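A.B. asks: Residue-level listing of the chains:
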Amino acid sequence: MTIQTDVETAVLPAERAARAATRFGEKVRVDDEGAWVVEAASLPEVARALRDDFALDYLINLTCVDWPDRFETVYHMASIQGGPPLCLKVAADKAKPIVPSLTGVFAGADFQEREVYDMFGVRFAGHPNLRRILMWEGFAGYPLRKDWREAYYEDDNKPLKSRWPEGDFFFGEDKIADWDDNIKYPSGYQAEGVESSRADDNIVVLDADELHRAPSGSERLIVNMGPQHPSTHGVFQMRLTLDGETVVDLQPVMGYMHRNHEKIGERNLWLGNMPFTDRLDYLAQLGNEWGYALTVEKLMGLEVPERAEYIRVILAELNRIQSHFWSITFLLNDIGAFFTPMMYAIEERELILDLFEMATGSRLMCNYMRFGGLAYDLPEEFLTMAQTLVDDRLERAIDEMDAYLSGNEIVLERMQGVGVLPPDMAINFSTSGPVLRASGVPYDVRRAEPYGVYDRFDWDVVTRPEGDVFARYMVRVGEMRQSLRILKQALRDLPGGEIMGGKKAWQIRVPAGQAYGRVENPRGELGFYCVSDGKANPYRYHVKSPCFVNLTALAEMTKGHKVADTVAILGSIDIVLGEVDR
Amino acid sequence: MAFGREALRGMGITIRRFYSTYRHGLNLQPSAAGDLPAPAEARNTKVPAGMPTRVGGLATVQYPEQKLPVPERFRYIPFLVYDEEPDHERADFDGVRCTACGICAKVCPPQCIWIVQGKGEDGKARPVSSEFYIDASICMSCGFCAEYCPFDAIKMDHDYEFSSYERHESWVFDLQELLHPVAYHAALHPSDYAREAAEERAKAEARAAKEAAKAAKAAAAAGGEAG
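Chains A and B, in that order, are what the protein sequence lines are.
Counting from 1, one number per residue, gives the positions in the first sequence under the working numbering.
Counting from 1, one number per residue, gives the positions in the second sequence under the working numbering.
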């Protein structure tokens, strides 16, 4: 498979619109923000045509918005050769929302459609396995609908009126006398034996129990790995169907750490979401903040001063290095190099976290970026320390790790040829980040749709052709070196001046509209889809989590391998459950 | 055969690092046991300039007898500031800088700040809080309250030792528990305090200049009348 990295070869938006008008006619209407509003019935046809004839072969985001009069599923499709994504919208009836599934066109739609079904109750006709994914089977209600009220619900939006000026403290538990109003179970709900057969309108809703059981009379065995298992990097479960010791099927079970992050985000003020983004992928806190800041800046049309852009690059690349240190050594941990490599990596990581603490006030929960800039400038000592780390220490640490580990025969034996994901599948499964690049696809948001000042630096997109676990490991090692390259240039060119464009304010006016902003996080493409209705809180706040989407391809990678290999394969995807479950 | 070589190599690395801790401990990097400031001093010590680019030696800190110093920007649970000088402009309010404007309570993402606006005997609102609560079990230490406070009245603490045997009442801090003298804030945040002091001075100078100009104008007017 040959892939061109030249952005110009992708079909340009204007040309695309013109060609679409002739091609699709009535089925597609372009709205004033440039999004395509597609008739529900013709969605698979349009998506297929876009994929095959318009080079939009990469589905990067799929979500839904609950409008007062309709549900609107939102799709973002991009070209694997680069360029901005195209937004597709499909309206669904409020009372009985049904939209055709895209799983036949993009395998990567699988989990994302399940999430929309779980959170909004929109059903996808033709989806092979439409079950709840983050909530448990049998949960009543749809937590991201606008009429959903969580436990301790007080008001639709913050700031809450009870806090000021009559803010006499009370405990939430005391205030809410009847729990019945806050937690609802469906009538006849029992924890054991969930009722099935909600099938109507030709939509198959599988019985959860069916998946627990192996077909009767077969030699197959179902094994639950996790949720409390050291290899799952958190509370995550893999339900393996085994034939002997060979994996025949794998069902990831997640949502143990689901906290309805997006609903919290819609109750918060725009600014109030910033510290919450730190808690998504807590190994890439500054990347998360950048993604959110970028999206809101797009909505507001804010300019970021040059110094702030450079500081963002410096912090995000340091972040990438510390995150990759963690993930490659955790992978080695999984395959048996128990904790020794990790301790060496943590030593380096701590030094980077010290820098974060110095600049932002916190090691992990940085809360440093603001719309239009940064909270405060770097302290004086920061640059000298960052310079010593970048020039001297980190490079040696990476080389040392590479020399001792990458050639180790046990490492090679366990990683090479395991969990191979061919490039066309990697794209079709919407994978991103090192997983995609290890399959030989040179797709990196910093190159495909450069944000910040990434277009000014000289660096390479690291790829490997093999597509196996070892390739993913090597891509991460390579990316750490590339990050150092970027850091050297950014530290050299760091300009002086302001760090905040415009006035710093806690109340901001975000004009009505919608925006999708994306950054290349250590784990892949992190996207934020925000819809504003001009009020003080976001109307819709969606996080496209790279870990969550990468997990879609997990079953495909594991089939045919042994149980022990699933640990290595999961480790090579490098999930962070804070972001998977949101 | 090859397998054995790798195993030996691995052990070699471990042994080298093991001995190097002693070498560093004795020569290059003083061990933590003697050189880190005691807890009371640590509070006022900035992070030693020049992070060691080669961390070595016995890197263990004897917590809680010893603590690593934290940088000035380190933030944990907010506190309220009061000024102690008798002639301070907020002297009427016991020097408490907070005017109960409510910005911190509104900007707080987890909504853990509760303020009751103070009232005079006539029932009118006064620029002071009569009650102020922070539920530290909900606080996410984001620092927005300190960042957006227009009066420099709320600041982030460096004290992170809050463990208790109870998870409810002991985590809700009231006004008296939250109040700290300005000297405490100045010791934790020297550069932030210097900025505040400079702003205060500039404001005072501007005020003095304005009053002087006013007085001069009045004098000139009086002189003109007399003349």
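Keep in mind the hints are simulated off the structure, nothing from the lab.
Every value quoted in this text rests on a predicted model; they were computed, and no experiment measured them.
Ideal placement from N, C-alpha and C gives every residue a C-beta, glycine not left out.
Treat the hints with care, since some could be wrong.
One side only, chain B facing chain A, incomplete, derived with CB under 8 Å [what the hints assert, rightly or not]:
hint, residue
1, Gln117
2, Tyr133
3, Ala136
4, Cys139
5, Leu179
Simulated crosslink set (DSS-like; lysine-lysine; CA at most 30 Å straight-line) [to be verified]:
hint, chain 1, residue 1, chain 2, residue 2
6, A, Lys504, B, Lys67
7, A, Lys503, B, Lys67
8, A, Lys161, A, Lys559
9, A, Lys298, A, Lys504
10, A, Lys503, B, Lys203
11, B, Lys214, A, Lys504
12, A, Lys146, A, Lys96
13, A, Lys161, A, Lys27
14, A, Lys161, A, Lys535
15, A, Lys535, A, Lys94
16, A, Lys146, A, Lys89
17, A, Lys263, A, Lys146
18, A, Lys504, A, Lys562
19, A, Lys298, A, Lys263
20, B, Lys119, A, Lys161
21, A, Lys89, A, Lys27
22, A, Lys161, B, Lys124
23, A, Lys535, A, Lys488
A.B. asks: Hint by hint, note whether the structure agrees.
C.D. replies: Here is what the structure says about each hint:
Annotation: B:Gln117 was flagged as interfacial toward chain A, and the flag holds, the nearest CB pair being 4 Å apart, inside 8 Å. Annotation: B:Tyr133 was flagged as interfacial toward chain A, and the flag holds, the nearest CB pair being 4 Å apart, inside 8 Å. Given hint, B:Ala136 at the interface with chain A, is violated; its Cβ is 12 Å from that chain's nearest Cβ, farther than 8 Å. Below 8 Å, beta-carbon pairs count as interface contacts, and B:Cys139 has none with chain A, the closest being about 11 Å; its hint is therefore violated.
Violation of the interface hint for B:Leu179 is found here, the shortest Cβ-Cβ separation to chain A being roughly 16 Å, above the 8 Å cut-off. Distance restraint check for A:Lys504 and B:Lys67: the Cα-Cα separation of roughly 35 Å exceeds the 30 Å cut-off, and the hinted pair is therefore not satisfied. A distance of roughly 38 Å separates the Cα atoms of A:Lys503 and B:Lys67; the hinted pair therefore is violated under the 30 Å criterion. The hinted pair formed by A:Lys161 and A:Lys559 fails the criterion: a straight-line CA distance of about 54 Å is larger than 30 Å.
Pair hint A:Lys298 plus A:Lys504 holds up; C-alpha atoms about 17 Å apart against a cutoff of 30 Å. A hinted pair counts as satisfied when its Cα atoms are at most 30 Å apart, and A:Lys503 with B:Lys203 qualifies at roughly 20 Å. Only pairs whose Cα atoms come within 30 Å are accepted, and B:Lys214 paired with A:Lys504 is rejected, the gap being roughly 34 Å. The hinted pair formed by A:Lys146 and A:Lys96 meets the criterion: a straight-line CA distance of about 16 Å does not exceed 30 Å.
For the proposed pair A:Lys161 and A:Lys27, the alpha carbon gap of about 46 Å is over 30 Å, so the pair is violated. Taken as a hint, the A:Lys161 and A:Lys535 pair is honoured in the structure, with Cα atoms around 17 Å apart against an allowance of 30 Å. For the hint linking A:Lys535 to A:Lys94, the alpha-carbon distance of about 23 Å falls within 30 Å, and the restraint holds. A C-alpha spacing of about 19 Å is found between A:Lys146 and A:Lys89, which places the hinted pair at or below 30 Å, so the restraint holds.
For the hint pairing A:Lys263 with A:Lys146, the CA-to-CA distance comes to about 9 Å; that is within 30 Å, so the pair holds. Taking the CA atoms of A:Lys504 and A:Lys562, the gap is about 55 Å. The hint is violated against a cut of 30 Å. With a CA separation close to 21 Å, the supplied pair A:Lys298 and A:Lys263 stays within the 30 Å bound. A hinted pair counts as satisfied when its Cα atoms are at most 30 Å apart, and B:Lys119 with A:Lys161 qualifies at roughly 19 Å.
For the suggested pair A:Lys89 and A:Lys27, the alpha carbons sit about 12 Å apart, so the restraint of at most 30 Å is met. The hinted pair formed by A:Lys161 and B:Lys124 meets the criterion: a straight-line CA distance of about 20 Å does not exceed 30 Å. Between A:Lys535 and A:Lys488 the CA atoms are separated by roughly 42 Å; this puts the pair beyond 30 Å, and the hint is violated.
The structure does not agree with the numbered hints 3, 4, 5, 6, 7, 8, 11, 13, 18 and 23 stated previously, though it agrees with the rest.
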